[in-house]
Amino acid sequence: MEHIRLPKVENVKLLDRISHRRRRVGTLYLTATHTIFVESEAGVRNETWVLHSLVCSVDKLAATSSGCPLLIHCKNFQVLHFIISKEQECHDIHLSLQRLSQPERYDELYCFSYKPNVDENERRQEWDFLDLKADYSRMGLPSSLWKLSPVNQHYKVSDTYPADLFVPESATPPVIVGSSKFRSRGRFPALSYYCKDNHAAICRSSQPLSGFSARCLEDEQMLEAILRSNPCSDFMYVVDTRPKLNAIANRAAGKGYENEDNYYNIKFQFVGIENIHVMRNSQQKMLEVCELRSPSMSDFLEGLESSGWLKHIKAVLDAGIFIAKAVAEEGVSVLVHCSDGWDRTSQVCSVACVLLDPYYRTLRGFMVLIEKDWVSFGHKFSHRCKHVVGDPKEVSPIIDQLLECVWQLMEQFPCAFEFNERFLITIHNHVYSCQFGNFIGNNQRERIELRQKVNQTQFQKDDF
Amino acid sequence: MEFAELIKTPRVDGVVLHRPFMPTVEGTLCLTGHHLILSSRQDNTEELWLLHSNIDSIEKRFVGSLGHITVKCKDLRMIQLEITGMEECLNIASSIEALSTLDLVSLMYPFFYRPMFEVIEDGWNSFLPQNAFKDLESMTDEWRLSEVNKDFSLCPSYPPLVAVPKDFDDETLKKVATFRHGGRFPVLSYYHKKNGMVMMRAGQPLTGTNGRRCKEDEKLINATLRPGKRGYIIDTRAINVAQQAKARGGGFELEANYPQWRRIHKAIERYNVLQESLIKLVEACNDQSHSMDRWLSKLEASNWQTNVKEILTTACLAAQCIDREGASVLVHGTEGTDSTLQVTSLAQIILDPGCRTVKGFQSLVEREWLQAGHPFQQRCAQSAFSNSKPRHEAPVFLLFLDCVWQILRQFPCSFEFNESFLVLLFEHAYASQFGTFLGNSAAERARLCLPEKTVSLWSWVNRPQELERLTNPLYEPNSLVIWPSVAPQSLLLWEGVFLRWNRSSKCLDEAYEEMVHIIEYNKELQTKVNSLRRQLAQLETEDPLLHTP
Numbered sequence: 001m002e003h004i005r006l007p008k009v010e011n012v013k014l015l016d017r018i019s020h021r022r023r024r025v026g027t028l029y030l031t032a033t034h035t036i037f038v039e040s041e042a043g044v045r046n047e048t049w050v051l052h053s054l055v056c057s058v059d060k061l062a063a064t065s066s067g068c069p070l071l072i073h074c075k076n077f078q079v080l081h082f083i084i085s086k087e088q089e090c091h092d093i094h095l096s097l098q099r100l101s102q103p104e105r106y107d108e109l110y111c112f113s114y115k116p117n118v119d120e121n122e123r124r125q126e127w128d129f130l131d132l133k134a135d136y137s138r139m140g141l142p143s144s145l146w147k148l149s150p151v152n153q154h155y156k157v158s159d160t161y162p163a164d165l166f167v168p169e170s171a172t173p174p175v176i177v178g179s180s181k182f183r184s185r186g187r188f189p190a191l192s193y194y195c196k197d198n199h200a201a202i203c204r205s206s207q208p209l210s211g212f213s214a215r216c217l218e219d220e221q222m223l224e225a226i227l228r229s230n231p232c233s234d235f236m237y238v239v240d241t242r243p244k245l246n247a248i249a250n251r252a253a254g255k256g257y258e259n260e261d262n263y264y265n266i267k268f269q270f271v272g273i274e275n276i277h278v279m280r281n282s283q284q285k286m287l288e289v290c291e292l293r294s295p296s297m298s299d300f301l302e303g304l305e306s307s308g309w310l311k312h313i314k315a316v317l318d319a320g321i322f323i324a325k326a327v328a329e330e331g332v333s334v335l336v337h338c339s340d341g342w343d344r345t346s347q348v349c350s351v352a353c354v355l356l357d358p359y360y361r362t363l364r365g366f367m368v369l370i371e372k373d374w375v376s377f378g379h380k381f382s383h384r385c386k387h388v389v390g391d392p393k394e395v396s397p398i399i400d401q402l403l404e405c406v407w408q409l410m411e412q413f414p415c416a417f418e419f420n421e422r423f424l425i426t427i428h429n430h431v432y433s434c435q436f437g438n439f440i441g442n443n444q445r446e447r448i449e450l451r452q453k454v455n456q457t458q459f460q461k462d463d464f
Numbered sequence: 001m002e003f004a005e006l007i008k009t010p011r012v013d014g015v016v017l018h019r020p021f022m023p024t025v026e027g028t029l030c031l032t033g034h035h036l037i038l039s040s041r042q043d044n045t046e047e048l049w050l051l052h053s054n055i056d057s058i059e060k061r062f063v064g065s066l067g068h069i070t071v072k073c074k075d076l077r078m079i080q081l082e083i084t085g086m087e088e089c090l091n092i093a094s095s096i097e098a099l100s101t102l103d104l105v106s107l108m109y110p111f112f113y114r115p116m117f118e119v120i121e122d123g124w125n126s127f128l129p130q131n132a133f134k135d136l137e138s139m140t141d142e143w144r145l146s147e148v149n150k151d152f153s154l155c156p157s158y159p160p161l162v163a164v165p166k167d168f169d170d171e172t173l174k175k176v177a178t179f180r181h182g183g184r185f186p187v188l189s190y191y192h193k194k195n196g197m198v199m200m201r202a203g204q205p206l207t208g209t210n211g212r213r214c215k216e217d218e219k220l221i222n223a224t225l226r227p228g229k230r231g232y233i234i235d236t237r238a239i240n241v242a243q244q245a246k247a248r249g250g251g252f253e254l255e256a257n258y259p260q261w262r263r264i265h266k267a268i269e270r271y272n273v274l275q276e277s278l279i280k281l282v283e284a285c286n287d288q289s290h291s292m293d294r295w296l297s298k299l300e301a302s303n304w305q306t307n308v309k310e311i312l313t314t315a316c317l318a319a320q321c322i323d324r325e326g327a328s329v330l331v332h333g334t335e336g337t338d339s340t341l342q343v344t345s346l347a348q349i350i351l352d353p354g355c356r357t358v359k360g361f362q363s364l365v366e367r368e369w370l371q372a373g374h375p376f377q378q379r380c381a382q383s384a385f386s387n388s389k390p391r392h393e394a395p396v397f398l399l400f401l402d403c404v405w406q407i408l409r410q411f412p413c414s415f416e417f418n419e420s421f422l423v424l425l426f427e428h429a430y431a432s433q434f435g436t437f438l439g440n441s442a443a444e445r446a447r448l449c450l451p452e453k454t455v456s457l458w459s460w461v462n463r464p465q466e467l468e469r470l471t472n473p474l475y476e477p478n479s480l481v482i483w484p485s486v487a488p489q490s491l492l493l494w495e496g497v498f499l500r501w502n503r504s505s506k507c508l509d510e511a512y513e514e515m516v517h518i519i520e521y522n523k524e525l526q527t528k529v530n531s532l533r534r535q536l537a538q539l540e541t542e543d544p545l546l547h548t549p
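Here the protein sequences line up with chains X and V, keeping their order. Under full-length UniProt numbering, the first residue of the first sequence is numbered 1, with each subsequent residue one higher. Under full-length UniProt numbering, the first residue of the second sequence is numbered 1, with each subsequent residue one higher.
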């Protein structure tokens, strides 16, 4: 509350997005969690609520004769254009909202204070609602080919990986640990999806620390173990989701990609998805195009093309299709990685899973998929979605892209999904809103630490 | 002349047919005077029954002695035929080329077609101007139906009956006709019941470089104005184009002579620019490189969406003048047979819920396109795959249908018909067994005796079996004026026409069927609920003890 310089301002105008001449007049309130605009038209109680955590930027524009404009851009792409009569009031609201929308610590987040009417037991049950082991069990695991490894139980092998990981039966702890030392952030090849019909599997990891010529026996053994856990195929694909140039550049930093000569029977493939900085800029450009006032068709199409946004969506989908085809049509296992294995890798594995397995197209299945390939495998939600103040270069719409890829699939296959567009938008909203605790933190270990500190509300069951 | 003279080889066996989304078949290919037919003799059906008039161009190539013919159709479909034997292949190719480029209208299939169904309602009589006028008479008495053009001598492109302000006699109309391009004097296009405002259309005024004027023309359109109110003239040419027209005897209405009218110029593309746009768009859709950048830049370069936006914007403008400003509107371009008709017909879709019903839309097409003299035969002679030198071809009607589809998509519950109906009209405008779209004007249709010698499309379409698949299950009749968004984000590529043969619509069709079932089921349940409620009410009156609190 100490960040609120001015809790209430009267006689504020809210401009209509399309036609700036249309405006509503009312009172603006700032609470600990929301900005609320209440229209003062007689008989009409129209309220606009905006969560602080959803606010991306607040800009004070040059004062005009009608007052001081305040432009609020939200992470869910809502844009609010207020006009506040007095300059000082505008200044106070601007500073307050800036501070409120940029929490410095996790415990300032909404989820720590959000208390719906749910009893303690139910709340605890809800956190167990999406049991990942149940999903692996559904895939038929553990089996003679894949087993649950305790190696990362205390996050000592990779602190960004989950505690429960499935590895090939023949992968011994020394092999796993050895491989992890040869992988960025210790993120060794682990199972994302197993197709019990033909034993093909999708595994994921980060880039190998191969540099120009380094080798690691255990890492090579790890891949061989994955290959052997698919008795129906004599080779496997290794898919690097980065553009070739970027992967090569990484070698100079002692990282890189797998050399086909060193690894037994792998076929290596680049699929060229751009990095988080390119994606961040791409979305920014596209939003600018969408905010153009009265663009011509050419302006719009040219702007859309130059943003490259659809090109990136296609790249992710293409990669997902390649992997799905490898598994379903060729019966060949795939190892996917990017640099750190928590952005493009997550996207591409999720898309492949949605294409391959109808379960992930159900309401529950999709939630399980997000929990598996994003939450548990350490996608850095708090950094990427700017939950707290941090490095702006870490922010990137990676989860946005996955949700859009799924939406594109829904448009082409309307009868194949149990959920509708609103579900995707709700997920998108709450990834950024921090109203629930699911996406707080950057990996499982961080999340458990935070959860132990404060009681949090779980997302999915509530919204069901 | 005999068709047989043009058919070098009427029949070839062992021809392999490749069609989009269907399995390859092998069968016997037959060439008749009007059709390309292929039958594999399975299931007693023909896999291919293609009108020669639907063929834009063909390509042939040889791999050894195996000939491949790619047939490119006006409805944007492409099919491949594999014919063994160079001679047969060449004969078939040249026969198809000859048969598909016949110029004489009387040789077209509609003159030879015998319907396999019973004609219950003759479509040639379904939308007579006299009947349309009766509707107008019930709303206002300010207009009369003039027979001044009865023999088409005054205006060759107008119908024999036109609606004009009642106080203007035929002699005056004759004078006005000399002042308008092609004799197309201002006639009534639409009467807006809500406020009595009207929309008229005409050809350009022939002011020329001397600033010629025609007092009768001025009086005629002034007659539609309310006292003290202004009207709007929407000129579908850019102002400099309208200026240049003066040098060729045309021009625009000078403010000095038409002081009560405000002139607005809204440039809409025409003629070969539109045809180029269509060709580029279809080429972009068939581009196999699968690059997002190329797709978007080719789409943008085709300008098709820009054309859609321009036309819709102008139609909205006309509708706004009539409905919001309460003013009368006159629309014209150069000839008044292309962009003018796009604007007036679309404006009616926006303003008049009646035009959104099946019969109302057919009536609109009859009135504002067929009878109004849009030169269909010339405009639809060739489509996007044509190799021959373009003459008068332009996808004007297709653009109109695209605009209607855009509005249909934005207002899915406001149209009694669905997208399939619009696609059907597109197909038949370019190639048909029916005579509706033959000819360029009512005069030509009369001269060719089309109503006697051919079957009307409406006769077939309005049969319950056909209407069933063309009706929109989401339709909820309303009396609204609907305002479409013309922002670029709101205007989509009409996949149902342009990507129809590139991407299987199986999943979308499934979803549509599902929707139809859900709505039917819902209706059944609603009927059941009503019936149960009636039963309950009945039981309650019979036995007071059962009365629910």
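Check the hints yourself; a few may be wrong.
[As the list claims (entries may be wrong)] In silico DSS-like links for lysine-lysine, alpha-carbon gap of 25 Å or less:
1. V:Lys72 - V:Lys266
2. V:Lys280 - V:Lys246
3. V:Lys298 - X:Lys285
4. X:Lys311 - V:Lys298
5. V:Lys280 - X:Lys314
Since the hints were made in silico from the structure, they are not lab data.
Take a quick look at whether Lys280 (chain V) and Lys246 (chain V) sit within 25 Å of each other, Cα to Cα.
violated (32 Å)
Holds or violated: Lys311 (chain X) to Lys298 (chain V), with C-alpha atoms at most 25 Å apart
Roughly 14 Å separates the two Cα atoms, so the pair holds.
Please work out if Lys72 (chain V) and Lys266 (chain V) have their alpha carbons no farther apart than 25 Å.
Violated - the C-alpha atoms of Lys266 (chain V) and Lys72 (chain V) are around 35 Å apart, more than 25 Å.
Hint check: Lys298 (chain V) vs Lys285 (chain X), CA-CA at most 25 Å. Holds or violated?
Holds - the C-alpha atoms of Lys285 (chain X) and Lys298 (chain V) are around 20 Å apart, at most 25 Å.
Below or equal to 25 Å on CA atoms is what counts here, so check Lys280 (chain V) against Lys314 (chain X).
holds (23 Å)
Checked against the numbered hints above, the structure violates hints 1, 2; every other hint is satisfied.
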